[in-house]
Amino acid sequence: MLDLTTQYLGITLRTPLVPSASPLSQEIDGIRRLEDAGAAAVVLYSLFEEQLRLDAQELDHNLSAGTESYAESLTFLPEVGPFRLGPEGYLNHIRKAKEAVKVPIIASLNGTTVGGWTDYAKQIQQAGADALECNIYWIVTDPELSSADVEQRYVDIVKAVKAAVTIPVAVKLSPYFSNMANMARRLDDAGADGLALFNRFYQPDIDLDELELKPNVLLSTPQALRLPLTWIGILFGRVTASLAATSGVHGPEDVVKLLMVGANVTMLCSTLLRNGINHLRYVEQGLRDWMGAHEYESVKQMQGSMSQLRCPDPGAFERAQYMKGVKGIQHVMVTGREAWRLLNGG
Amino acid sequence: MTRKFKTMDANEAVAHVAYRVNEVIAIYPITPSSTMGEWADQWASEGVPNIWGSVPHVMEMQSEGGAAGAVHGALQTGSLATTFTASQGLLLMVPNMNKIAGELTATAFHVTARTVATHALSIFGDHSDVMFCRTTGFAMLCSNSVQEAMDLALIAHAASLETRIPFLHFFDGFRTSHEVNKIELLEDDDLRALIDMERVFEHRQRALSPDHPVLRGTAQNPDVFFQIRETANPFYDACPEIVQSVMDKFAGVVGRQYHLFDYSGAPDAERVIVMMGSGAEAADETVEALNAKGEKTGLLKVRLFRPFSVEHFLAALPATVKQIAVLDRTKEAGAAGDPLYLDVVNAIHEGGQRHIGREIRPLVIGGRYGLSSKEFTPAMVKAVYDNLKETAPKEHFTIGIRDDVGHSSLDYDHGFSTEPASVVRALFYGLGADGTVGANKNSIKIIGENTSNYAQGFFVYDSKKSGAVTVSHLRFGPKPIHSTYLVSKANFIACHQWIFLERYDMLSALVEGGTFLLNSPFGAEEVWDHLPRTVQEQLIAKRAKFYVIDAYSVARDTGMGSRMNTILQVCFFAISEVLPREEAIEAIRESIRDTYGKKGEDIVRKNMQAVDETLAHLFTVTVPTTATSNILMPEPFPSNAPRFEREVLGTIYGNRGDELPVSVFPVDGTFPTGTAKWEKRNLALEIPEWDTKTCIQCGKCAMVCPHSVIRIKVYDSRLLEGAPASFKATDARDKEWLGLKYTIQVAPEDCTGCGICVDVCPAKNKAETRLKAINMTPQPPLRLLEKDNWDFFLQIPELDRRNIKVGNIRQQQVQEPLFEFSGACSGCGETPYLKLVSQLFGDRAMIANATGCSSIYGGNLPTTPWTKNAEGRGPAWSNSLFEDNAEFGLGFRLSIDKQTEFAHELLKRLAGSVGEELVASILTAPQKDDADIYEQRERVVRLKEALKDLPSLEARQLLALADMLVKKSVWIIGGDGWAYDIGYGGLDHVMASGRNVNILVLDTEVYSNTGGQSSKSTPRAAVAKFAAGGKPGPKKDLGLMAMSYGNVYVASVAMGAKDEHTLKAFLEAEAYDGPSLIIAYSHCIAHGINMTTAMQDQKAMVDSGQWLLYRYHPERGMAGENPLSLDSRKPTRKVQDFLQMETRFKMLTKAKPEAAKVLWKQAQQDADVRYRFYEYMASRKFEEKTQETH
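Taken in order, these protein sequences are the chains called R and V.
Okay, so the first sequence: first residue is 1 according to this note's numbering, each after it adds one.
Okay, so the second sequence: first residue is 347 according to this note's numbering, each after it adds one.
Chain R with its partners taken away, still in its complex shape:
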């Protein structure tokens, strides 16, 4: 009997397969279907504090635009309300999700102010979420802001949220830090119960006909797997927080690889959007088949087996891996400086 159970954020999950925040969890029916398809837990779509603010501002502006100007039309829209401009809708969604399914519900929050992070986190806990994922979706563009300040803000958020709630808190973050390992350690020290690696930031495309930036979100490709694979491999055993892999998880073998480098859970999104919720069944079955074929007994047995700490070639996770790659092409040993020259065509 294969044991697929895993621990994530201190919660025991039936399998390491968890759908990450996506539109699939916007409807309760979707959450039910995810559970039916085998999801071990569900991360809800994110509550964006900034979106709530913008919605409120837009509503206020549009309800008052043009009013009190002409005697026949002193207003244009009826005085309905009160409007649910806070997180009520999201909180209700958590409550309903909890009533609808048995698997753990992990809420996801993106705040813009310290008050927003902590207030909403508390309300999410009160609504019954089993855990909270802090989705720190922050594209830093201010040239005046130092990396130290950016990092400190991440740490402050985690500390504030941890102080506000008792449910486990995961942090979903981007890979864009000078020293990812240090950052992971600092978040670990700040009390993060889990790290979700990594957030895929929106990157615009260009419409050449219209000469406009296109805000279309690209679904991930299997190649995206390499980034979480690398960093989970490096971080495994070095932080106490549990680790979630959340980019490029498309098929059973991806799951196996991520578990081997040390992921507690593997999060799926693009592949479910592309192939449908039932793809989860295929991935789970594939995982079972692979484990069976390769005589693994449990997920725990696999977890971390190929991490930097436990793999036969730890250097392969670091710069040497690149050197090896270049060496393979050039068939010569090159120094870092020479490699730079080669890559730049000099």
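Hints should not be assumed to be uniformly reliable.
To be verified - Heads up, simulated EDC-like pairs for lysine to aspartate or glutamate below, C-alpha to C-alpha not over 20 angstroms straight-line:
no.: 1; chain 1: V; residue 1: Lys720; chain 2: V; residue 2: Asp749
no.: 2; chain 1: V; residue 1: Lys1110; chain 2: R; residue 2: Asp209
no.: 3; chain 1: V; residue 1: Lys352; chain 2: V; residue 2: Asp534
no.: 4; chain 1: V; residue 1: Lys352; chain 2: R; residue 2: Glu79
no.: 5; chain 1: V; residue 1: Lys1503; chain 2: R; residue 2: Glu27
Because the hints were derived from the structure by calculation, they are not lab data.
Remember, predicted model here, so these are calculated numbers, not experimental data.
Take the given structure of chain R and dock chain V to it, following the hints.
Then chain V, alone, in the frame of chain R:
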């Protein structure tokens, strides 16, 4: 019982009562009564119960006639039912009112008395509408103030149940309906105490029921009708006493005592005014002031106007009365006197003859005042009393105007005032968009509901919808405030917009030692040097206390944008000392939490921050002792405007229309066109600037410009001689215009800065893609330069219309618009279509315009955007009513066709005299395009030349009709409220007539002009007034209904989605020799959208299938082809993608998310079904069918 004091206007006060004592409420929007229906609809959607614990059913109808019919039916079947209306709406109810009264049915209709349209429409108040109802058999009860409106609304309902006579309860439109005042709120227990349940049971017992069937509504004949008509007399005879007993009962319960006729003033008065309505409050105040000075005047307020009780009337007059002036707020041209006057004359006469009541023989004279809310002040009241002192008082006088034609008017002392010193009076000049009115309503609430003081607010609005000026008139004092006239002597004046300093003489109303608050971009040290000279002089002369605040900066820094309401409210309280400062500011904070709490914490926080920041930016200015400014107030219209425009229209524009005498006006309501161009409103902070190099000369910017401020000309390069240095021109790109120059010019002072042109511009600057071929640029630095350029541009001749290919936008947009600079909302979605009509057909167009937004921005004085070309030709425009517009336009067609036919007949008869060849060429002229029309006009010139010396009557007749030989284009234009609802019956008939008319429906999917009420065009899920919970039903498919005739050209267009399609539809519709219907989607500020990007909304609407583009052409049908062409592609987006873009839909997801989810899903289904249905119809092959039948 302790009752709450609240501040509200009379519409809310009346609705508060009417909603609670009724079960069925049928409504229809009409200014100024609409808000009563809106309250009722809102309360019903919130589940507020009536006094019996049940939520009334509120139903919007298709017209006031429909509302009256529904109320009649509801009453007949035993419900307690009511409605609200005004003006023409009331007139539409009259037939049913006769029935309801004839059947002795208890109800009360609540009417905001409003002017009935005569030489012009007016939305303002007088009694001309209610006077139409004197013959209906309704009892008529008049309220004079906000408190009275609430009280008498209840008395009307209660008395109606007691008497079985239906009541028309009325109060003055705007002056009372919209005045905000502190009143004591009637509690539900008060209502229960007045409504006798036994009478309710009797009402139910009389109802039609198959369980005890009766016949009502018979047809009767000469033998018995008369007698039966007289059977109701005892009910009318008993009515006055019963009403008085209800008033007494009310006094016992509530404490306020009313009488059928309420007398106030000296018990031994010799001179008495008899009147009713809000003016009586001003008269009451004047009587008190005059009598305090030893005069003996009195005032008799008529409350129960019908049935008119001679006995009660005479009993209420003091025995000492020697002269009576009866004031009517209505005009019955040609009558022996106005109605109330005649009643009083009759009462005195009958009293004497029949020895009813007191034996008095006073002199009775009649006077007219206050038509269309004309101010009625204590000074005017005094003049009426003074007139009575004369040995030969002026009879049938007017007061409040200068009648230098009939010399009916009384002179009055403008300086006379009865304002007590204990009342603080404040005036605020603001822009509609800056929140001034909202802030003042809030201040009234704060003072009225938090202190023992009384408060009154009245708000005067602009005739324009964009850049509108608002003037708020506020009073605060220790006693109830009855001053039903504008503030003319203010202790406090605030100017919230710097630009008003040059436009309005605000400070003439400031009392000596008063306070002036100016929102100024200049600080306390530098502001003085920027003030106009008259402002400086008045500040010095009045020893004013002068403060400045840079509210623009505070608003910007606190994220408030252009809304300065909170900031300026804090300033008012900080310096007016109406309340202790700290107390006032705490009250403002509390009200911010109340007002904005439902809009989210962020909005509350920003407002709180604005409160904190304000006081630090408020400064006292030391007023110097001498005026130094050289800045003079400019004349409203420039000196090159024609005299009438300058002296009459310019004076109106300059806010001094009240000063104009009768003699300067046309006698029949006829005004010149082409006048909007004289108003240089300079509203835009930014205007578009043309980049000649990036421009691809597509013409789209000009096409969408709602205000016709972007113009294109193509011309010979020699015409550039003498051009200002900054005038831009480039080579025309169109192959047919090779060698010519091309200019896009913006009218800098007429642009409203909406930015739609930039949004639709498809050309991007290659080096910097954020820039387009036109870009919004700050106006002030460009203003003078571009003004010169504009003037130069105007004198370049228009391209010969014969050389313009109208089928493509690039060329077509060179046509001169004959609709320009309207006062529509900035970024209006309707006006681009009107401009297109004016460009394509304007020089031969006759326009029948339904009442609505388009009739307001099209024809609200002082000016009109409809204009004429260099030859003096342009659209001839008129508005008849709301409901009759299709018929009105058909009348144009019938008239033109008849005159043309007669002209043809005369031509044939006179062929020998004017030339056979000319006659033949005129009769056979195709007149299909501009070249044809040009040639026909040339022929008509020759014809007129030939006719002018012919002596026969027939020749003279033909000369008078000759212009009818040139094809006229009849356009019937209106909004969806007209086309889908109130005017649909007429529209249907006109389409069925087969006549050559072009019907343009500017479909905003709501009644825009009256403030966004739902129409049958409103799509499912949209939130609108009267559909506060989201419209549950789908939009009516007007196009499909029109297609069922087979011979009607039908097009559904959306300019923002496919402009070429719009152009094609307009051309086809006009060319089709039969009825054409164009349903033109028009975005609207009532949708709660970003107006700058509104054309993108239109595109999303079509891309999602929420709106279809199609053309149904009967000629294709006649040619054996499928007449329907579906011109929009299969939807590429979900309907919700579009719904998300507009607050009218999105707000439901925030207010009622569960309901929204259901409605949004249904909206998608509506779109899916509609598209599949049209796709199916449009894809049928007709050729095969045709063959089969042969």
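Quiz item: Which of the numbered hints are not met once you compare them with the structure shown?
Solution: Hint check: nothing fails, all pass.
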